[in-house]
Amino acid sequence: MLAYVLRRLVATIPVMLIVAVLVFLMLRLTPSDPAAIIAGDNATSEQVAEIRKNLGLDRPILTQFVIWMRKTLQGDFGESFYFKKQVTELILDRVEPTLSLALVTIVLAVLVAVPLGVVAAWRHGGWLDRIVMGFAVLGFSVPVFVIGYLLIYVFAIQLNWLPVQGYQRIGLGVGGWLQRLVLPALTLSVIYIALIARITRTSVLEVMNEDYIRTARAKGQTEGRVLIRHALANAAVPIVTVIGLGVALLIGGVVVTESVYTIPGLGRLTVDAVLARDYPTIQAVILLFSFAYVLINLAVDIAYTFLDPRIRY
Amino acid sequence: MTIEALPGELARASPAARRRGTLRALARNPSVVIGAVIVAFLALVGLLAPLLGTIDPSEINPAFRNKRPGAERTIRESDGKETAFVHRFGTDSLGRDVYSRVVYGARVSLLIGVTVAVLAVGIGLFIGLIAGYIRWADGVVMRTMDGLMAIPAILLAMGVVSLSRAGLVAVIIAIVVPDIPRVVRLVRATVLTIREEPYVEAAITVGTPTPTLLVRHVLPNTVAPLIVQGTFICASAILIEAILSFLGIGIPPETPTWGNIMAEGRPLFRVYPHNIFYPGVCLAMAVLAINMLGDGLRDTLDPRFAKRV
Numbered sequence: 001m002l003a004y005v006l007r008r009l010v011a012t013i014p015v016m017l018i019v020a021v022l023v024f025l026m027l028r029l030t031p032s033d034p035a036a037i038i039a040g041d042n043a044t045s046e047q048v049a050e051i052r053k054n055l056g057l058d059r060p061i062l063t064q065f066v067i068w069m070r071k072t073l074q075g076d077f078g079e080s081f082y083f084k085k086q087v088t089e090l091i092l093d094r095v096e097p098t099l100s101l102a103l104v105t106i107v108l109a110v111l112v113a114v115p116l117g118v119v120a121a122w123r124h125g126g127w128l129d130r131i132v133m134g135f136a137v138l139g140f141s142v143p144v145f146v147i148g149y150l151l152i153y154v155f156a157i158q159l160n161w162l163p164v165q166g167y168q169r170i171g172l173g174v175g176g177w178l179q180r181l182v183l184p185a186l187t188l189s190v191i192y193i194a195l196i197a198r199i200t201r202t203s204v205l206e207v208m209n210e211d212y213i214r215t216a217r218a219k220g221q222t223e224g225r226v227l228i229r230h231a232l233a234n235a236a237v238p239i240v241t242v243i244g245l246g247v248a249l250l251i252g253g254v255v256v257t258e259s260v261y262t263i264p265g266l267g268r269l270t271v272d273a274v275l276a277r278d279y280p281t282i283q284a285v286i287l288l289f290s291f292a293y294v295l296i297n298l299a300v301d302i303a304y305t306f307l308d309p310r311i312r313y
Numbered sequence: 001m002t003i004e005a006l007p008g009e010l011a012r013a014s015p016a017a018r019r020r021g022t023l024r025a026l027a028r029n030p031s032v033v034i035g036a037v038i039v040a041f042l043a044l045v046g047l048l049a050p051l052l053g054t055i056d057p058s059e060i061n062p063a064f065r066n067k068r069p070g071a072e073r074t075i076r077e078s079d080g081k082e083t084a085f086v087h088r089f090g091t092d093s094l095g096r097d098v099y100s101r102v103v104y105g106a107r108v109s110l111l112i113g114v115t116v117a118v119l120a121v122g123i124g125l126f127i128g129l130i131a132g133y134i135r136w137a138d139g140v141v142m143r144t145m146d147g148l149m150a151i152p153a154i155l156l157a158m159g160v161v162s163l164s165r166a167g168l169v170a171v172i173i174a175i176v177v178p179d180i181p182r183v184v185r186l187v188r189a190t191v192l193t194i195r196e197e198p199y200v201e202a203a204i205t206v207g208t209p210t211p212t213l214l215v216r217h218v219l220p221n222t223v224a225p226l227i228v229q230g231t232f233i234c235a236s237a238i239l240i241e242a243i244l245s246f247l248g249i250g251i252p253p254e255t256p257t258w259g260n261i262m263a264e265g266r267p268l269f270r271v272y273p274h275n276i277f278y279p280g281v282c283l284a285m286a287v288l289a290i291n292m293l294g295d296g297l298r299d300t301l302d303p304r305f306a307k308r309v
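From first to last, the protein sequence lines stand for chains V and Z. Residue numbering for the first sequence follows the numbering used here, starting at 1 and increasing by one per position. Residue numbering for the second sequence follows the numbering used here, starting at 1 and increasing by one per position.
Everything labelled a hint here was simulated from the structure, so no lab data went into it. Take these hints with a grain of salt, some might be off.
[Claimed, not checked] Just some of the chain V residues that point at chain Z, by a computed CB distance under 10 Å: (1) F145; (2) I251; (3) Y293.
We put the beta carbon where it would ideally sit given N, CA and C, even for glycine.
Let the hints inform the model, and build the full structure from the sequences given.
Okay, structure coming up:
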């Protein structure tokens, strides 16, 4: 088991390395000169050359890559052009809101989507199934920010139940933290719920015709136990796979949701960095999100062995 | 009602008859019909935008800012004649007519969706054929695609946008890049299966040159899955364009796109929700219709794929 985990961990290294190369090349493809951006409008060409030398931009590209990689591996992403701070510091500051939003969303989505999918499969072809499937198609099509504004309009402005925007650190009290996360998490979870509910329905439906389901029913198992113990347990692998793959959607949604609800997280930072053409920050955020995505999917791969004892490595 | 041709009969039928059979199957699929009708409607709206009672979508009118839907004003023509004009969807904070902007926005959004789909499918098809057929290229290409797929689509698009000045072309490229790996994988997988088929082996034996082989035997097999994939890419491209424009990093704000109209309405959303409501509904409707079309096409054209998802 441990050997398998290690082997899989090693297998992700090439992918991460390619992501790093792509992100590194991104900065080299910019039409604008980073040194000139840092130097500002009133800099002389000597000053720009000096900065270029300090950044190492005058060296051969391979040397630059090696230096950049070494620094990146040490967690040093350089200084932000725009915020004039160490990028690492900047990111650490923004991790908490994003992580909170993502975790609350995932928990909410799984808790809502899996039962919905199971019920839809159980009542296959009925009106409940149609409603769930209709919602799944709709959830994919309505943009995150439209859902966000709709929820703000209904729950914060018309009904006045929840705060409109903003974020409160968890250190200041779980109540206020959660209260401000309800609407953003609800917004972000719609597309995720659509995705998970759909795959849950399909995979539960697939196992419903298996012999062991018939056997379970024949021996007088209650319908609830049949659905959960026998159907869902055997349908778990594709569901967990989609939860992992859906993280890419979630990350895209985080960027938008944080902008709608003015949450000072990594998504908002990405937008600000792109607006300011702040390349060190853009690179760091893209790397970070991609690595998180790859690692989550690695965790999913490893989870298979626990979910399905038939899978052995 | 005619009796539906059995799959066996359909296979034996002439190509023209088979095509007619597919078309009939498509016309019977409610998802395809509803989706196609809505898409056709929106395309017509975009095409006929100047005839639909619109005014110049970028005309700024400082005296008529932030009017609610239904507000009336008189427009004085150059010959002195006055006509009443109703701002059906209200005006934005620069006094531009939201209805006109939404109608013209259909043009830009659909254009982007179709362009991105065509480009992504075209480029992906080319790279996929190479990766599937030229063994030494396969490793390099597929590892690069794995790397690209590890970067979440919106982030990759944002990264590409940041590389150049904001504009239509930059946005289209930014949306195309993350979609290419998906097409490449699909094409490569098809090529790898087809390559082992007896008729391809036969073609190789009789000395068919590789380009002819790819075009005559491999390409036709990729058409159905690519039409389906292209439809989904079109929907997601419209969505991503709206997201980028909404975040202020997409197409320049004076261009009427649904995302831009909503971006413009953001600061005053609490008081004037109409700036977000109307384009939001159109956007959701367009994406929903294209997704429904894609689902229907997948079920009819590509039954193997339908089973998987």
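A quick look at each hint next to the structure:
no., hint, in the structure
1, F145, "6 Å, holds"
2, I251, "4 Å, holds"
3, Y293, "6 Å, holds"
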